[in-house]
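J.: Make the full structure from the sequences, and use the hints.
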Amino acid sequence: MEQQSKPVAGSLWTQSLELRCLLCLILLHLFCARTADGQVQAGVRPPVPEGRLLVEIAFEGDYLQLEQITGRLQAQVVRLEHSRLFLIVDQQSVLSLRQEGLNPRMVNQEGFFQQYVRVEPPTDSLIARLREVGGQLVQREDSFAVFRVTLRQLNLVQREGIQARKIEDGELLPRFIEINASDDQAVALIISEGVYIFEARDGTFLGQAFDYQIDALSQHGLEITVISPPFDEFDQPRPEGIKKTGRP
Amino acid sequence: MASLMRLRIRTLICTGVLLTSVGPGQQVLAQYHFYSTMQDELHGLAMAHPTLAQLISIGHGWEIVDEVNNRQIWALKISDNVSEEEHEPEVVFVGAHHANEWISVEVPLGIANHLLDNYANDPSIRELVDNKVVWVIPMLNPDGHEFSLPTNSCWRKNRRDNGDGTFGVDLNRNYGYKWGVSGSSGNTNEKTYKGPAPFSEPETRAMRDFLRSRPNVRALVSYHSYSQAVLRPWSYTLNFTAAEPPPSAELMLKDLSDQLRERISAVHGETYKDCLFQTDRLPSGRCGPGHYAASGELTDWVYHELNIPAFTVELRPKEGGGSCRGFELPGAEVKPTIEENIPAALALIHHTQKGNSLIRDYEGDTGEVPSASLSPSGWDRVFWASPDIRSDPAVPIRGQEATITARVHNLRQVPVNNVTVQIWYTDPRITLELPSPKAVKIDEGTISLPANGSAEFSASWSVPTTPNIWGEYHWCVGVVIKHPDDLPVSTHPVFSNNIAIRNFQPASITFGSSALRFEAVNHFSIDADLDVFVSTEGMPEGWRVRLDPDRPRFLRPGERFLGYAEVVVPQDAEAGEALVRIQGALTPRRPGAVNPVGSGIDYRVTFQPAPAERARRGLQHSFYLGFAFPAGSFAEDHNPGSGVGGGLEYMITNGVSVRTLVEHHHFHGDGSGDFSYTDLLLNARAYPANTTWQWFAQGGFGYHWGDPGANDFGLNLGLGLGFPFHSKSSLELGVDGYWIGPGGADRFFLAPKLGVVFQR
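Going down the list, the protein sequences come from chains Y and P. If you're matching positions, the first sequence starts at 1 in my numbering and goes up one per residue. If you're matching positions, the second sequence starts at 1 in my numbering and goes up one per residue.
Hint data in this document are derived by calculation from the structure and do not stem from the laboratory. Since this is a predicted model, take the numbers as computed values, not measurements. Glycine included, C-beta positions come from ideal geometry on N, C-alpha and C. A portion of the hints provided could be inaccurate.
Ranges between beta-carbon positions, derived for each pair [claimed, not checked]:
id : chain 1 : residue 1 : chain 2 : residue 2 : range
1  : Y       : Gly111    : P       : Val267    : 53 to 63 Å
2  : Y       : Arg98     : P       : Glu84     : 42 to 52 Å
3  : P       : Pro343    : Y       : Leu95     : 54 to 64 Å
4  : P       : Pro215    : Y       : Gln68     : 19 to 29 Å
5  : Y       : Gly61     : P       : Asp550    : 26 to 36 Å
6  : P       : His523    : Y       : Ser125    : 50 to 60 Å
7  : Y       : Val48     : P       : Arg560    : 37 to 47 Å
8  : Y       : Arg98     : P       : Leu562    : 31 to 41 Å
9  : P       : Leu562    : Y       : Asn108    : 43 to 53 Å
10 : Y       : Leu95     : P       : Ser36     : 42 to 52 Å
11 : P       : Pro150    : Y       : Gln99     : 48 to 58 Å
12 : P       : Pro215    : Y       : Leu95     : 31 to 41 Å
13 : Y       : Leu95     : P       : Leu562    : 31 to 41 Å
14 : Y       : Ala58     : P       : Glu333    : 43 to 53 Å
Some chain P residues judged to face chain Y by a derived CB distance under 8 Å, without partners named [said to hold, decoys possible]:
id : residue
15 : Gly163
16 : Asp164
17 : Gly165
18 : Thr166
19 : Gly183
20 : Gly186
21 : Asn187
22 : Asn189
23 : Thr192
24 : Leu238
25 : Gly290
26 : Gly326
27 : Arg590
T.: As structure tokens, then:
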């Protein structure tokens with residue numbers, strides 16, 4: 001039977017192109033698919049629809065000029081950042097942009113798009129490796145850490161076997177903080193770091209911040225205290241592993 | 001205690017019933033609404049008051065509910081004849097940009113309930129509703145609010161799926177003006193995430209498109225929590241410097257803001273601050289330490305694009321609990337918070353109306369706004385020549401005092417006291433807004449207006465000796481009137497019956513081809529079409545105005561164009577004058593509502609032919625009398641005598657002429673008898689300067705017949721000064737020296753003379 005079956009299988013494999021393609025697709029699907037708990041296994045793809053392009057143009061205009069451009073080109077604005085406008089457009093729009101002298105440049109999507117990913121356990125070596133490839137540590141909890149990475153960085157570390165998955169809604173929560181800031185410059189610094197302030201009392205600001213913001217402000221010499229509020233952001237218990245830091 | 005309070009709020013929400021009883025016909029106010037209960041209440045109000053309230057959706061959030069539908073952004077329109085477009089002033093109250101600021105839903109809802117519940121019985125409410133349109137948009141962020149209200153009092157943003165594992169954009173950082181400049185974040189995980197681009201969110205686009213579609217919106221309030229403050233533009237900057245000046249309407253905004261704060265405090269004694277964390281602003285008008293910048297914010301965009309007052313009201317509590325507890329205002333404070341904000345809202349609605357007092361933009365102005373409009377043929381009504389502003393003297397004189405008088409009219413049948421009248425002057429090249437930090441206040445006072453009558457206020461104006469920034473002696477005097485019941489809500493004369501202006505040109509300008517200048521500057525951030533129109537009054541026959549043929553059709557943002565209009569006067573024109581009015585308008589090439597802006601300048605052009613010009617054209621003849629003084633050896637045997645002469649002069653150019661003269665000089669004899677010369681002279685004369693008093697020098701040769709004997713040739717030189725005393729006549733005073741018989745008789749004499757010259 002074995003002698004008979006081998007030629008059959010071999011024959012099928014060698015003779016049926018369709019079968020080979022099907023097997024390849026199944027393997028590819030399995031390779032790319034997430035596990036049941038949502039972990040990305042490999043090959044995170046950028047979200048630009050097929051047939052459309054991610055381009056970048058220099059843009060110094062204001063919102064009214066942005067309305068004019070997007071209205072004219074049927075373009076989807078992905079991001080406006082530092083006088084650079086990133087658009088998802090079709091080929092025709094690329095030609096239109098060139099004709100208008102706007103000089104569109106193609107953007108590498110894997111280096112452009114970012115994800116917030118959860119890795120665990122948050123060992124020093126794991127964090128060091130993620131930082132080494134360019135990821136930014138957003139928050140470090142007891143049992144996991146959250147990084148901001150580009151898709152290229154994510155694919156890189158996943159090929160190394162690091163388990164990283166996109167965070168779920170509500171997993172990344174800023175900490176409640178108190179900051180002492182007595183002058184305009186300090187307040188401007190706090191705001192420029194993206195820290196959310198909702199109250200001030202006698203030079204002490206109450207707000208919320210992530211670890212990277214707390215670190216940045218601390219490096220500027222600001223006195224920051226992570227506080228435990230009388231209740232959490234959610235009434236429900238915090239997702240497992242999120243620590244309650246700060247003073248009792 | 002905190003837990004107990006929290007439990008009580010939840011109980012109220014779950015049951016939807018307030019324990020506190022209120023009067024019949026009034027709505028239960030002190031509760032937090034979910035999206036669904038808010039929607040039900042708005043529908044209920046519209047159904048209960050079908051002639052007064054109409055519910056429309058202005059847009060929706062991101063999230064799909066019920067598998068197909070988005071949560072809608074509901075706007076309740078309140079007015080009499082609500083289904084009609086009556087072109088009445090409109091005011092917008094919007095809440096819940098931020099999901100967790102639950103009280104900000106309740107206040108605009110409370111305003112709607114107050115207006116509708118009291119319409120039937122309260123004449124003051126009926127007066128407002130009948131003459132205005134009030135828009136109540138209680139929940140701009142329905143997705144975020146729905147996510148926040150049950151359990152998450154820290155959730156602030158909307159519910160955009162950012163695609164990277166995070167959710168939400170801070171809607172009050174997503175508006176277009178100064179988007180991303182300060183006080184917002186580019187990181188999607190942060191609470192002040194500004195979004196990927198200005199107006200990237202359906203909620204902010206809905207608000208933008210709604211406001212652009214309502215050209216009669218005159219004021220807006222955006223409710224937030226917490227900290228108890230009334231904030232005004234700008235939010236994007238804290239630096240009120242030359243580079244980032246305060247809004248041009250800062251003084252008006254402050255007036256309104258102060259009144260809103262006062263009216264709020266008057267209800268329950270709660271103080272609403274002038275800054276986020278400070279009761280009062282610094283003398284510069286900015287907020288001090290603690291207050292922080294926030295760009296991409298609604299009121300900045302509204303003020304910038306729609307040019308109307310817009311305020312952010314931070315509601316109760318004054319302080320929170322160190323976490324997000326401050327956003328969960330205890331149930332017992334909900335009703336007082338609504339109550340204390342209603343009078344302020346009513347005052348703002350009230351101020352958008354015609355008002356009780358008026359200063360007119362034109363004869364027959366009844367106070368309706370706008371009082372002028374721009375069409376392709378120009379302003380349909382001149383609004384910079386208010387009949388209620390006058391100067392004594394009528395044309396102010398540079399460097400002297402002029403008395404400016406403003407006449408204010410009372411539109412009511414009862415007297416009005418304590419009307420504040422401010423008189424300002426501005427450089428119209430800089431601003432026509434009043435009051436303005438860029439204008440100079442001449443004086444301020446209060447007057448009392450009789451019932452259905454008028455009263456005047458006068459002030460002394462030191463008319464500037466210097467020209468304005470364009471080198472023109474052209475100033476705009478403006479008058480602002482205000483009363484606690486009648487504050488202006490616009491700094492533009494066209495949009496306010498509390499403001500009027502009048503242009504003055506303190507002196508006649510020098511005539512010349514480049515004298516009638518105008519400037520156009522595109523202060524918009526986009527291209528704007530430029531239209532320039534010229535009209536004249538009293539133009540003498542034969543005069544015409546030629547408009548700068550090189551003027552552009554449009555201006556780029558920030559572009560400045562200096563043009564001119566040339567008054568062409570025919571040759572030999574008599575003296576005359578005319579009024580030349582140059583009007584300009586810039587129309588931004590922007591989508592949506594188009595509000596052209598423009599202004600005008602009046603030039604009074606005078607033409608006075610210069611006497612010097614007349615003296616130097618064509619043929620003229622002269623006659624003179626004088627003396628003759630012999631000199632040298634000629635004086636040894638002859639005494640001084642007299643002279644008489646006349647001649648013709650032909651002007652070759654403006655400064656040179658040739659003259660032929662016949663003269664007779666008589667000398668008394670010194671024991672040997674009298675002697676005389678009859679002279680035929682040919683001279684050239686030069687006028688070195690084109691001045692009113694004309695210096696001249698002349699010289700030439702001639703033949704002199706002596707009596708007795710001694711005929712001979714001679715040379716003569718002279719100097720003199722002409723004094724025009726008539727358009728065709730002048731006096732001349734001069735002296736000539738004669739040298740007769742050079743090399744022979746060698747006789748010298750000097751002849752001072754006084755003559756008169758007639759131009760033919």
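J.: Now look at each hint and say whether the structure bears it out.
T.: The hints, checked one at a time:
no., hint, in the structure
1, Gly111(Y) <-> Val267(P): 53 to 63 Å, "holds, 57 Å"
2, Arg98(Y) <-> Glu84(P): 42 to 52 Å, "holds, 50 Å"
3, Pro343(P) <-> Leu95(Y): 54 to 64 Å, "holds, 59 Å"
4, Pro215(P) <-> Gln68(Y): 19 to 29 Å, "holds, 21 Å"
5, Gly61(Y) <-> Asp550(P): 26 to 36 Å, "holds, 28 Å"
6, His523(P) <-> Ser125(Y): 50 to 60 Å, "holds, 58 Å"
7, Val48(Y) <-> Arg560(P): 37 to 47 Å, "holds, 43 Å"
8, Arg98(Y) <-> Leu562(P): 31 to 41 Å, "holds, 36 Å"
9, Leu562(P) <-> Asn108(Y): 43 to 53 Å, "holds, 49 Å"
10, Leu95(Y) <-> Ser36(P): 42 to 52 Å, "holds, 48 Å"
11, Pro150(P) <-> Gln99(Y): 48 to 58 Å, "holds, 52 Å"
12, Pro215(P) <-> Leu95(Y): 31 to 41 Å, "holds, 38 Å"
13, Leu95(Y) <-> Leu562(P): 31 to 41 Å, "holds, 40 Å"
14, Ala58(Y) <-> Glu333(P): 43 to 53 Å, "holds, 51 Å"
15, Gly163, "holds, 6 Å"
16, Asp164, "holds, 5 Å"
17, Gly165, "holds, 4 Å"
18, Thr166, "holds, 6 Å"
19, Gly183, "holds, 5 Å"
20, Gly186, "holds, 6 Å"
21, Asn187, "holds, 6 Å"
22, Asn189, "holds, 6 Å"
23, Thr192, "holds, 6 Å"
24, Leu238, "holds, 7 Å"
25, Gly290, "holds, 5 Å"
26, Gly326, "holds, 6 Å"
27, Arg590, "holds, 6 Å"
Consistency with the previously given hints is maintained throughout, with no hint failing.
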